[in-house]
Amino acid sequence: MMAEVKSSRVKVPSLLTVVSSKPTAPGRVHKFTALDHAMGFHTGHIVFYYRRNPIRDGASMENDLDNLRISLSELLCLYPPVTGRLGRGADGNWEVKCNDAGVRMLKANVCATLDEWLRYANAAEERDLTVWEDLPDDPHIWSPFRIQINDFNCGGLAVAISFTHMHADFTSATLLIKSWAEIHRHEPVAHPPIFNLPSVINESAAYRRSSSMFSETNSEFEIPSVRMGRATFKFSEAKIRQCLSKVHESCPDATPFDVLAALFWSKITRLKSPACDDDNKCSLSMCIDLRKRERDSIPYGYFGNALHFSKLSVNAEELQSDRLAYIAGLVHQHVGSIRDEEFWANVAWLESHKKEGGQYPPPFQLFGCELTCLSMENTISSEGSFTYAAMFKQNEKPIHVSYHIGNVGGEGLILVMPSPEEGLARIVMVTLPEEQIVKLCEDQTILGLQPSMLLNGKQ
Amino acid sequence: MLQSLITHSTTQKISLLESNFWITLLTSSPSFKMPQRSPEFSGSVKLKYVKLGYQYLVNHFLTFLLVPVIAGILLELIRLGPDEIATLWKSLQFDFIQILCSSYLIIFISTLYFVSRPRPVYLVDYACYKPPVTCRVPFSCFMEHSRLILSTEPKSVEFQMRILERSGLGEETCLPPAIHYIPPAPSMEAARKEAEMVIFSAVDTLFKKTGLEAKDVDILIVNCSLFSPTPSLTAMVINKYKMRGDIKSFNLSGMGCSAGMISINLARDLLQSYPNSIAVVVSTEIITPNYYQGKERSMLLPNCLFRMGGAAIFLSNRRSDSIRAKYRLLHVVRTHKGADDKAYRCVFEEEDPEGKSGISLSKDLMAIAGEALKSNITTIGPLVLPASEQLLFLISLMGRKFFNPKWKPYIPDFKQAFDHFCIHAGGRAVIDELQKNLQLSAEHVEASRMTLHRFGNTSSSSLWYELSYIEAKGRMRKGNRVWQIAFGSGFKCNSAVWKCIKSIEIPTDGPWSDCIDRYPVDIPEVVKL
Numbered sequence: 001m002m003a004e005v006k007s008s009r010v011k012v013p014s015l016l017t018v019v020s021s022k023p024t025a026p027g028r029v030h031k032f033t034a035l036d037h038a039m040g041f042h043t044g045h046i047v048f049y050y051r052r053n054p055i056r057d058g059a060s061m062e063n064d065l066d067n068l069r070i071s072l073s074e075l076l077c078l079y080p081p082v083t084g085r086l087g088r089g090a091d092g093n094w095e096v097k098c099n100d101a102g103v104r105m106l107k108a109n110v111c112a113t114l115d116e117w118l119r120y121a122n123a124a125e126e127r128d129l130t131v132w133e134d135l136p137d138d139p140h141i142w143s144p145f146r147i148q149i150n151d152f153n154c155g156g157l158a159v160a161i162s163f164t165h166m167h168a169d170f171t172s173a174t175l176l177i178k179s180w181a182e183i184h185r186h187e188p189v190a191h192p193p194i195f196n197l198p199s200v201i202n203e204s205a206a207y208r209r210s211s212s213m214f215s216e217t218n219s220e221f222e223i224p225s226v227r228m229g230r231a232t233f234k235f236s237e238a239k240i241r242q243c244l245s246k247v248h249e250s251c252p253d254a255t256p257f258d259v260l261a262a263l264f265w266s267k268i269t270r271l272k273s274p275a276c277d278d279d280n281k282c283s284l285s286m287c288i289d290l291r292k293r294e295r296d297s298i299p300y301g302y303f304g305n306a307l308h309f310s311k312l313s314v315n316a317e318e319l320q321s322d323r324l325a326y327i328a329g330l331v332h333q334h335v336g337s338i339r340d341e342e343f344w345a346n347v348a349w350l351e352s353h354k355k356e357g358g359q360y361p362p363p364f365q366l367f368g369c370e371l372t373c374l375s376m377e378n379t380i381s382s383e384g385s386f387t388y389a390a391m392f393k394q395n396e397k398p399i400h401v402s403y404h405i406g407n408v409g410g411e412g413l414i415l416v417m418p419s420p421e422e423g424l425a426r427i428v429m430v431t432l433p434e435e436q437i438v439k440l441c442e443d444q445t446i447l448g449l450q451p452s453m454l455l456n457g458k459q
Numbered sequence: 001m002l003q004s005l006i007t008h009s010t011t012q013k014i015s016l017l018e019s020n021f022w023i024t025l026l027t028s029s030p031s032f033k034m035p036q037r038s039p040e041f042s043g044s045v046k047l048k049y050v051k052l053g054y055q056y057l058v059n060h061f062l063t064f065l066l067v068p069v070i071a072g073i074l075l076e077l078i079r080l081g082p083d084e085i086a087t088l089w090k091s092l093q094f095d096f097i098q099i100l101c102s103s104y105l106i107i108f109i110s111t112l113y114f115v116s117r118p119r120p121v122y123l124v125d126y127a128c129y130k131p132p133v134t135c136r137v138p139f140s141c142f143m144e145h146s147r148l149i150l151s152t153e154p155k156s157v158e159f160q161m162r163i164l165e166r167s168g169l170g171e172e173t174c175l176p177p178a179i180h181y182i183p184p185a186p187s188m189e190a191a192r193k194e195a196e197m198v199i200f201s202a203v204d205t206l207f208k209k210t211g212l213e214a215k216d217v218d219i220l221i222v223n224c225s226l227f228s229p230t231p232s233l234t235a236m237v238i239n240k241y242k243m244r245g246d247i248k249s250f251n252l253s254g255m256g257c258s259a260g261m262i263s264i265n266l267a268r269d270l271l272q273s274y275p276n277s278i279a280v281v282v283s284t285e286i287i288t289p290n291y292y293q294g295k296e297r298s299m300l301l302p303n304c305l306f307r308m309g310g311a312a313i314f315l316s317n318r319r320s321d322s323i324r325a326k327y328r329l330l331h332v333v334r335t336h337k338g339a340d341d342k343a344y345r346c347v348f349e350e351e352d353p354e355g356k357s358g359i360s361l362s363k364d365l366m367a368i369a370g371e372a373l374k375s376n377i378t379t380i381g382p383l384v385l386p387a388s389e390q391l392l393f394l395i396s397l398m399g400r401k402f403f404n405p406k407w408k409p410y411i412p413d414f415k416q417a418f419d420h421f422c423i424h425a426g427g428r429a430v431i432d433e434l435q436k437n438l439q440l441s442a443e444h445v446e447a448s449r450m451t452l453h454r455f456g457n458t459s460s461s462s463l464w465y466e467l468s469y470i471e472a473k474g475r476m477r478k479g480n481r482v483w484q485i486a487f488g489s490g491f492k493c494n495s496a497v498w499k500c501i502k503s504i505e506i507p508t509d510g511p512w513s514d515c516i517d518r519y520p521v522d523i524p525e526v527v528k529l
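So the sequences go chain by chain: S and B.
Take the first sequence: its letter number 148 is residue 148 in the UniProt record's numbering, and every next letter is one higher.
Take the second sequence: its letter number 235 is residue 235 in the UniProt record's numbering, and every next letter is one higher.
Isolated chain S (complex conformation) (with noise of 0.2 Å):
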């Protein structure tokens, strides 16, 4: 309740639209995938924050926003889908015309430092750091992707980025910031964009399936009845190893992810009632990106949805059994047997699915509509993670970075993201409703793995 008389802390007094440097060639359309049109009821947005303002040193312009739209407007010469309008196309699908009228950007000023607001500002207050928009009925002059710079008083600066999930996922949007840092300090874009994917679906029986994830998925949108809090883990490196090493016994190449994962999948399961569905199993989704996992996927430059949804089931008795090592081997087992061909698969049935006309299904409500989970693992290297590698001037990497996810329903939502210390290190944001919230902070499992709070309001 004091949260909402409390007016926000993050006052924006600007708006004005950012066009690419050089001029898209008209008539270009950017066809979405079925995979697109199946996210399409979620919106993404990311949070980077940075200790220090680093564009306002050594900067060619006065004006701080001038100096980022330089790079911003060279950048998006790149990425033409990204400047262009929503719109539908003939076949009753999503496409957008690129009609180079760029992409929106709101500058924000935040009356906090930014130690103060990493520590005590609660989800609500973030959602001010970026436009919550869901896509109009009506998206010709709305832009798909919004920009929102915020400063903090002590001098920080934090750039987020919000986009509809029909248009990109959390890796194409995190390259996309990368990319513009690359530009911003001069250097050559590591991983340029690619908007087609790279094989055609094969037709052949071995795709075709009778059921799928979405078959299963419930397509009707439920906006949670009860609020929905957040809160955000940052185990440290030391942890984790001190937490691998006691799974490594039964299975030795278990990832942080698995080991989190099997942790708060079990921990969040006691919260919840009922526990589990009728056969006394617990399910968790898990949400895996599909880029560069075998020799010939997808590309990491890909711009589009490249997420795989599966489900894991398990006992409810070994799930509340506290064998974590066991749970996390089952992960491990089940992300490890995840193939290209089950997403293609899984594109497959959309297709076979489209309404007269061509029209694809309407989109699934894919987070949230059963306690979901989803891994970065793929973009964290032993160089570091594409994350924290977003550096608008050289060696100055971003100190914490949000991930959010938009329309997720009751169940919850589990997000094992990279943390700044890289390495094993890990950060895990948990959406679920604010009671379970207030419960899970107060797991002793959890607790005896030391991880600092942040973003959790004032306690």
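None of these hints come from the bench; they were simulated from the model.
Do not take every clue at face value.
What the hints assert, rightly or not - Okay, derived cross-link-like pairs now, BS3-like style, lysine-lysine, Cα gap no bigger than 27 Å in a straight line:
| no. | chain 1 | residue 1 | chain 2 | residue 2 |
| --- | --- | --- | --- | --- |
| 1 | S | Lys11 | S | Lys393 |
| 2 | B | Lys473 | B | Lys436 |
| 3 | B | Lys130 | B | Lys193 |
| 4 | B | Lys478 | B | Lys502 |
| 5 | S | Lys107 | B | Lys193 |
| 6 | B | Lys363 | B | Lys374 |
| 7 | B | Lys528 | S | Lys31 |
| 8 | B | Lys326 | B | Lys499 |
| 9 | B | Lys337 | B | Lys363 |
| 10 | B | Lys155 | S | Lys97 |
| 11 | B | Lys46 | B | Lys436 |
| 12 | B | Lys502 | B | Lys208 |
| 13 | S | Lys267 | S | Lys239 |
| 14 | B | Lys248 | B | Lys193 |
| 15 | S | Lys22 | B | Lys193 |
| 16 | S | Lys22 | B | Lys130 |
| 17 | S | Lys22 | B | Lys528 |
| 18 | B | Lys326 | B | Lys208 |
| 19 | B | Lys326 | B | Lys215 |
| 20 | B | Lys528 | S | Lys97 |
| 21 | B | Lys193 | S | Lys11 |
| 22 | S | Lys239 | S | Lys439 |
| 23 | B | Lys130 | B | Lys499 |
| 24 | B | Lys130 | B | Lys208 |
| 25 | S | Lys439 | S | Lys311 |
| 26 | B | Lys415 | B | Lys374 |
| 27 | S | Lys22 | B | Lys473 |
Once you've looked at the hints, dock chain B against the given chain S.
Okay, now just chain B, sitting in the frame of chain S:
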């Protein structure tokens, strides 16, 4: 064409007469049809040679007259022989005083002649402002902003779209940063920032190009029609560059798009009064404070056409600069139609019924522009046209007056007098109208059309972008004559004639350097938005 326009229009009803008028105003010339050409080929070739022969004869008439006379005298002298010439000379009985007086007279007259000749005014060099790419405004962005800001006025939005489609502008024209905001944020500070950005950038480039130092500038003239702060923009320049205390500075405001030529005229007159001086002229138009935020259609037009731009010009009357100067100023002709009420109210800044101020354009604009042009041509014709054209014009005039008023008036061929034309890129219709009136080819008006496409209507500085285009294309040769014509509120038509006195290499910098290879482009009648 108009019929199809109306049928294609949206379901909202737009006043037929009004939209018809505005679209015609900006896109096609109402008075002329393309002349039908159907002569026989051989007939036209013979005619061409006859014409050429006639021109050569009349233009070099004096030569043709003098050559036989001189030949005659020479033959006579040769026939007489040296002794006879000597006796002829002695018989004239010149005495010393007479010779002295005559030589003094000759020296006196020649000194008087040289002293009373006007000082030549040289254009050493000029620099045009190139806006940053972050200020670029593609059509889709402009229309989107228009829809978001004028969300309650769909008719006005539709109107703007029609204008933009037929305007002849390209996708790379620029608006100042304050106008990119939704809604636009035109504060005085933003206007000053734009002025600083444009003027300082142009003047810096000029100083760098020519090696000129700020302390050497004797005369400074800045013209900017719609933004006139206190202290003036001239004072702003003097402050930034720390110019001398005895500099003669002039700030011209309110004089419209033809103010550039007025500034050149003023600089010329000053350079006649002050020997060994340097003048810097800055022509620009600051768009920020004048972006119309209402919905009156006659006032929305400038929003669609006016874009950011500026130029700085270095003029001198010093003999030492004559070696490196690019051009010499031959004539400046100014015509003012303000005495006529309709002409006076033709381009008028006023408040709309909601109290928002903007510039309204009247329906008589093209007709008045035509009249002003005629006056200007009548004055400049005798100064620049070769004798052959003037004779023909005189004959046609006398014939119409005394013999048959129904004779077609002879329009002098200005292509004989000038090699290049810089027509103020006020809009597509202005260029079309002048092209037809003066019977110019597409290549002659190419500079104007391409400047309109790349930079939009940058008001008084557009003539300099056009000149820069001609140089960038490598078409400017030593001895070429250039005619710059500008129209402006008042109603005024001012023009200047320059002669190129140095061979000009294709510049490697300048506003066209990164895009000249793409030009000329084919500009469609209607761009589909």
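Handout entry: Hints violated by the structure (numbers, ascending)
Key = Result: no hint breaks.
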